[in-house]
Amino acid sequence: MAQILDSRRKFWIRVEGSIVKWLFMACASVSILTTIGILVTLLYQGYGFFNEVSPWEFLTGTRWTPILKPRSYGVLPLVSGTLLVTVIAAMVALPVGLMTAIFLSEYAADNVRRIIKPILEILAGIPTVVYGYFALTFVTPLLQNIFNDLLVFNALSAGIVMGVMIIPMVSSLSEDAMISVPRNLREAAYALGATRYEVSLRVVVPAALSGIIAAFIIAISRAIGETMLVTIAAGATPRMALNPLEGVQTMTAYIVQLSLGEAPVGSLEYNTIFAVGLVLFCMTLLMNLLGFWIVRRFREAY
Amino acid sequence: MNEYKPVANSINPNRKRRKIIGASVYCIFLISTLVGIVGLGVLIFDVLDKGIPWLNWQFLTDYPSRKPEEAGLYSALIGTIWLMFMTALLTVPIGVGAAIYLEEYAPRNLLTKAIEINVSNLAGVPSIVYGLLGMALFVYYLGSSEQFLGRTLLAGALTLALLVLPIVIMASREAIRAVPDSYRQGAYAMGADKWQVIKGVVLPSALPGILTGTILAMSRAIGEAAPVIAISALVYMTFIPAHPMERFTVLPIQIYNWVARPQEEFRGLAAAGIIVLLAILLTMNAIAVVLRNKYQTRSEE
Numbered sequence: 001m002a003q004i005l006d007s008r009r010k011f012w013i014r015v016e017g018s019i020v021k022w023l024f025m026a027c028a029s030v031s032i033l034t035t036i037g038i039l040v041t042l043l044y045q046g047y048g049f050f051n052e053v054s055p056w057e058f059l060t061g062t063r064w065t066p067i068l069k070p071r072s073y074g075v076l077p078l079v080s081g082t083l084l085v086t087v088i089a090a091m092v093a094l095p096v097g098l099m100t101a102i103f104l105s106e107y108a109a110d111n112v113r114r115i116i117k118p119i120l121e122i123l124a125g126i127p128t129v130v131y132g133y134f135a136l137t138f139v140t141p142l143l144q145n146i147f148n149d150l151l152v153f154n155a156l157s158a159g160i161v162m163g164v165m166i167i168p169m170v171s172s173l174s175e176d177a178m179i180s181v182p183r184n185l186r187e188a189a190y191a192l193g194a195t196r197y198e199v200s201l202r203v204v205v206p207a208a209l210s211g212i213i214a215a216f217i218i219a220i221s222r223a224i225g226e227t228m229l230v231t232i233a234a235g236a237t238p239r240m241a242l243n244p245l246e247g248v249q250t251m252t253a254y255i256v257q258l259s260l261g262e263a264p265v266g267s268l269e270y271n272t273i274f275a276v277g278l279v280l281f282c283m284t285l286l287m288n289l290l291g292f293w294i295v296r297r298f299r300e301a302y
Numbered sequence: 001m002n003e004y005k006p007v008a009n010s011i012n013p014n015r016k017r018r019k020i021i022g023a024s025v026y027c028i029f030l031i032s033t034l035v036g037i038v039g040l041g042v043l044i045f046d047v048l049d050k051g052i053p054w055l056n057w058q059f060l061t062d063y064p065s066r067k068p069e070e071a072g073l074y075s076a077l078i079g080t081i082w083l084m085f086m087t088a089l090l091t092v093p094i095g096v097g098a099a100i101y102l103e104e105y106a107p108r109n110l111l112t113k114a115i116e117i118n119v120s121n122l123a124g125v126p127s128i129v130y131g132l133l134g135m136a137l138f139v140y141y142l143g144s145s146e147q148f149l150g151r152t153l154l155a156g157a158l159t160l161a162l163l164v165l166p167i168v169i170m171a172s173r174e175a176i177r178a179v180p181d182s183y184r185q186g187a188y189a190m191g192a193d194k195w196q197v198i199k200g201v202v203l204p205s206a207l208p209g210i211l212t213g214t215i216l217a218m219s220r221a222i223g224e225a226a227p228v229i230a231i232s233a234l235v236y237m238t239f240i241p242a243h244p245m246e247r248f249t250v251l252p253i254q255i256y257n258w259v260a261r262p263q264e265e266f267r268g269l270a271a272a273g274i275i276v277l278l279a280i281l282l283t284m285n286a287i288a289v290v291l292r293n294k295y296q297t298r299s300e301e
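Chains as they are written, first to last, in my numbering: chain A, 1 to 302; chain B, 1 to 301.
By construction, these hints were calculated from the structure, which means they are not laboratory data. Don't be surprised by glycine CBs; every beta carbon is placed ideally from N, CA and C. Worth double-checking, as some hints may not be accurate.
[To be verified] Which stretches of chain B does chain A cover? Using the computed rule of at least three CB atoms under 8 Å from a CB of chain A, they are:
id: 1; segment: 21-30
id: 2; segment: 59-66
id: 3; segment: 80-87
id: 4; segment: 154-166
id: 5; segment: 240-246
Isolated chain B (complex conformation):
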């Protein structure tokens, strides 16, 4: 058994003093909790304060420009949307497949254990390292031979797909694990085999959870700048990519580009770009929360 004798011994009979200490400690804890919240509030207020004057329809539909008053983030916005859907297309089938394997098929052996440890480790690898992998593998190794990949949308999406794969795998595993075993047993009792059970019962019930995890993974992906910079470099995009084999830029890179300039006007543009990016992320998170709540009430019925 665990023993916590020191507590009993150290109880000070001086009640008043202990109450005062208790109250001040409570205040310190409360203030600490507020640090993060106040930080978030100040950040959002600052961004809105500096960015709103620059935010208008033209800002959304114009290409980047050297003149701040004519600059917009159209190409970055379209690039972000392209990249998000391509990344989802690449990462979801693989992530869900891996989750199904680990939850439903994998034997409890060393290899499975190794894959599990590996997935959680990959989630902790700095994103810029994925950028290095993508740059060496997709841009230069696969890109140099026959002009196949290079600094294209596809190379960016492949890199981000590897980056968010651990998140999708972990979220999907959780969703699959949450499907009650009685569902599976019911389906087996009807004579279904393993794949039919997974296809007909497990996946449909796990779908909302998988979708929520995927949306959250995508919101991580479109906020990433470092690995995408390694793939796309800083490119002055005055056109929008028409297919996955074209060059591209994304919102975080455009924001970085503006922040890095010394003039005050570009800081304003950066703030406006941040508002757009945060609005997209907030929308995605709201969708994920709604999905999660809907799913929770349904499973309680």
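Only chain A is shown next, with the shape it has when bound in the complex:
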């Protein structure tokens, strides 16, 4: 009797086991479905857009006036606006983040690192709408004391604040790369009489270079996709300008602007955001893939 019960129990345990296995597999496939969903959405809606506007005009046009007449659908002003803010952010975040990483990995004592790292994590966890507020209401007035012709909405303060925002990303990814440089390389250099900064800059940084470059690329990709900060602080005037004292519109800010306006579904205006989203998605995807590829391809195996 007990034996029958036992075998019956075993049977149900096995059934349960195979059911949950399939359930878990379904869970894992949700991530694949998300990617497919993003691609299908962007391509399908983008198709509606490219039916009316030629891809050539879209990719090479230098005027972006989809809402105002005469309508023009050249995405380059949005791309250049995005790149302008990103370059400013990179000029702040890459050197500062790298030097922070060197300090944390090569100079700081353990207890100093234990204090600084959580602070940087807080910096990384602050919502971007807060950074937008900070750029608009604090940094811009501050910079207006220096640059008299700085507009209220400008690429400069958005870029600087975005740079501060991505410092933790650059520093923590670069630090990971530097910490994995084996100790004996450093010891060997010290034994040859090198000083600490010579060890840091000529041994550790070159040895960790692939990881550092990957950190740069991933941080820049984050900057390209950043939305609320630039929506709040950089303005809403799409223009092909290199002057950081004026306002620009980024791809992300345009998408937000149009989502707020409740454009009629299926209209050309509605479809523009998916075409812009497609460009944004492709740019960030390529950079992320490049970053991961560099990490894997050039990883020094010690």
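Given the structure of chain A, go ahead and fit chain B onto it with the hints provided.
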């Protein structure tokens, strides 16, 4: 072997000069490290300075208003809490399930590799792109046919669930990987089958780690404004949502709404809203840190 000959060759015998360079380089590194910390300090000081005068009980319990002195963020606060719990409810089972599959079941083949690469790529997709997905799929495609979804809390939670899913998956995988193999082998030796081992041994020991990851993912979710704007648009909420099928607004959107106005008073309201949002995030992070520490001491015993 790796060769670093240039170091040996370039060592300058001039000790004094090298010491000076070393000291100045140290100063530069130190100053760089302080940039982020000072930036954070100034930001927090500025927000407190401008926001505290506006912060009172009424601010928490009033609805938004055109008059700054009567405005509050009650509807946004409730919306954020709704959205956080619904997102957690949707994303945790799927995220943990996916993590269990990848860690315990998945064969080492191309498909598994593809899923892993895919998860890390999804973590790098800009949040506004998830907003576009949610807008097209949940709001308009599933929303237009029979008034099923539309610009509702559920559509917002579904979108955010997809957004934070990679974070939950990666955190859960790490927690599951940290469970020592000896636990599993012990359970197998007692005659348990795979699912019993996972249910009875692996999941309970991984639970604190999973919980920590989930809390951190939720703190990311409630700070997001861009994808939620694509779902909810800017809505003037003078009621609180009673069920998941109603319209909603959240704290970051309310803050954005106030920042976008030119009047000084609304900037003050925005700062006060930021204080509330940061207080919630800080509390969640503190809980996560406490959980992590408790878990670490337990596993050392």
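>> If you count the residues of the segment 21-30 of chain B with a beta-carbon closer than 8 Å to a beta-carbon of chain A, do you get 3 or more?
In response: With 7 residues closer than 8 Å to chain A, the segment 21-30 of chain B meets the three-residue bar; holds.
inquiry  = So is the segment 80-87 of chain B in contact with chain A by the C-beta rule, three or more residues under 8 Å, or is the coverage claim wrong?
reply    = violated (count 0)
- prompt: Are there at least three residues in the segment 240-246 of chain B whose beta carbon sits under 8 Å from a beta carbon of chain A?
  reply: Our answer is that it is violated, as 0 residues pass the Cβ test (under 8 Å) against chain A, missing three.
- Query: Do three or more residues from the segment 59-66 of chain B put their C-beta atoms closer than 8 Å to C-beta atoms of chain A?
  - Reply: violated (count 0)
Note to self: Using a Cβ cutoff of 8 Å, are there at least 3 residues of the segment 154-166 of chain B near chain A, or does the coverage claim fail?
What the structure shows: With 3 residues close enough to chain A, the hint holds.
Comparing the model with each numbered hint stated earlier shows that hints 2, 3 and 5 do not hold.
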